[in-house]
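Q: Sequence:
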Amino acid sequence: MPTGYQLVYHERFRGQLRECTKVLLRAGWEMNRITEVLTTMETHLRQEPLEYGEAKFQLRPQALIITIVCVRPFAVHVGVSEATRTIFIRDVTLMTSEKT
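Going by the working numbering, the first residue of the sequence shown is number 116, and it counts up by one from there.
The set of hints was computed from the structure by calculation and includes no laboratory data.
Do not rely on the hints blindly, as some may be mistaken.
As the list claims (entries may be wrong) - Listed next, with one range per pair, are the computed distances between beta-carbon atoms: (1) Glu145 - Ala198: 33 to 43 angstroms; (2) Thr201 - Thr154: 12 to 22 angstroms; (3) Thr158 - Arg127: 19 to 29 angstroms; (4) Val123 - Asn147: 20 to 30 angstroms; (5) His125 - Glu197: 14 to 24 angstroms; (6) Glu145 - Thr199: 32 to 42 angstroms; (7) Thr155 - Arg129: 10 to 20 angstroms; (8) Thr208 - His159: 16 to 26 angstroms; (9) Gly119 - Leu153: 13 to 23 angstroms; (10) Val138 - Ala198: 34 to 44 angstroms; (11) Arg141 - Gly119: 28 to 38 angstroms; (12) Tyr124 - Met146: 12 to 22 angstroms; (13) Arg141 - Thr199: 32 to 42 angstroms.
Cβ atoms here follow ideal geometry from the backbone N, Cα and C, with glycine treated the same way.
Could you build all of it, start to finish, from the sequences and the hints given here?
A: Okay, structure coming up:
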C-alpha cells in the first residue's frame, strides 16, 4: 500500500485530546511523552492506516473503513478512505489515566 495519507482532525477530537492531556498531566505524565505517543500514532496512520488499527466496520455510502487505534494511553476512532487517501480522526479516549 502506498504511503502518504492525509490526516483530517475533527474539532471534537481536538477538544477531547485537550481534556485527555489534562488528565494525563495530573497523573504525572510529561508533555514530551504525550507528544511522542501522538507523533508515533500519526506516523503509523499516515503510512499504514489499515494495518495499524483494528477495523471495526465499513460505511459503504462514504466508502470509509472505521478503525480503532490503541496506543497507550489513547484509543482513537478513525475513518479511512482509501479512494481519497484521507484519514478522518474523530474521537479519542483514555485507555487509562494511571501513570505507566
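Q: Each of the hints needs a verdict: does it hold here or not?
A: Okay, the hints, checked on the actual structure:
1. Glu145 - Ala198: 33 to 43 angstroms: At roughly 39 angstroms between Cβ atoms, Ala198 and Glu145 fall inside 33 to 43 angstroms, so the hint holds.
2. Thr201 - Thr154: 12 to 22 angstroms: 20 angstroms, holds
3. Thr158 - Arg127: 19 to 29 angstroms: At roughly 23 angstroms between Cβ atoms, Arg127 and Thr158 fall inside 19 to 29 angstroms, so the hint holds.
4. Val123 - Asn147: 20 to 30 angstroms: At 25 angstroms between Cβs, range holds.
5. His125 - Glu197: 14 to 24 angstroms: 19 angstroms, holds
6. Glu145 - Thr199: 32 to 42 angstroms: Holds, at about 36 angstroms.
7. Thr155 - Arg129: 10 to 20 angstroms: About 19 angstroms separates the Cβ atoms of Thr155 and Arg129, which means 10 to 20 angstroms holds.
8. Thr208 - His159: 16 to 26 angstroms: At roughly 18 angstroms between Cβ atoms, His159 and Thr208 fall inside 16 to 26 angstroms, so the hint holds.
9. Gly119 - Leu153: 13 to 23 angstroms: Holds: the Cβ-Cβ distance is about 19 angstroms, inside 13 to 23 angstroms.
10. Val138 - Ala198: 34 to 44 angstroms: Hint holds: Cβ distance 36 angstroms, inside 34 to 44 angstroms.
11. Arg141 - Gly119: 28 to 38 angstroms: At 37 angstroms between Cβs, range holds.
12. Tyr124 - Met146: 12 to 22 angstroms: At 19 angstroms between Cβs, range holds.
13. Arg141 - Thr199: 32 to 42 angstroms: 38 angstroms, holds
Figure legend: structure checked against the earlier numbered hints; every hint is met.
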